[in-house]
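Model the full structure from these sequences, guided by the hints.
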Amino acid sequence: MMMISSLVPQYCSFYTVRTQILKLLISECWSFNLITQKFR
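Residues in the sequence shown are numbered from 1 upward in steps of one, following UniProt numbering.
In case anyone wonders, no lab produced these hints; they're calculated from the structure.
Given the structure is predicted, the values throughout are model-derived calculations rather than measurements.
Here are the in silico distance ranges between beta carbons for each label pair:
id, residue 1, residue 2, range
1, Ser31, Tyr11, 27 to 33 Å
2, Tyr11, Leu34, 30 to 36 Å
3, Phe32, Tyr11, 29 to 35 Å
4, Thr36, Leu7, 39 to 45 Å
5, Gln20, Arg40, 28 to 34 Å
6, Leu7, Gln37, 43 to 49 Å
7, Arg18, Lys38, 28 to 34 Å
8, Lys38, Ser6, 46 to 52 Å
9, Ser5, Thr36, 46 to 52 Å
10, Gln37, Ser5, 46 to 52 Å
11, Ser31, Ser5, 37 to 43 Å
12, Tyr11, Lys38, 38 to 44 Å
All residues carry an ideal CB built from backbone N, CA and C; glycine is no exception.
In structure tokens form, the structure reads like this:
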């Protein structure tokens, strides 16, 4: 039980970091698409 309770916060923090990175990537892709469409 001890191990699980110590693992949960780590996983949660990892998940939030991953979500933030995904959001960043999505927004970068979106802005890049917008820029390339303007220059076409």
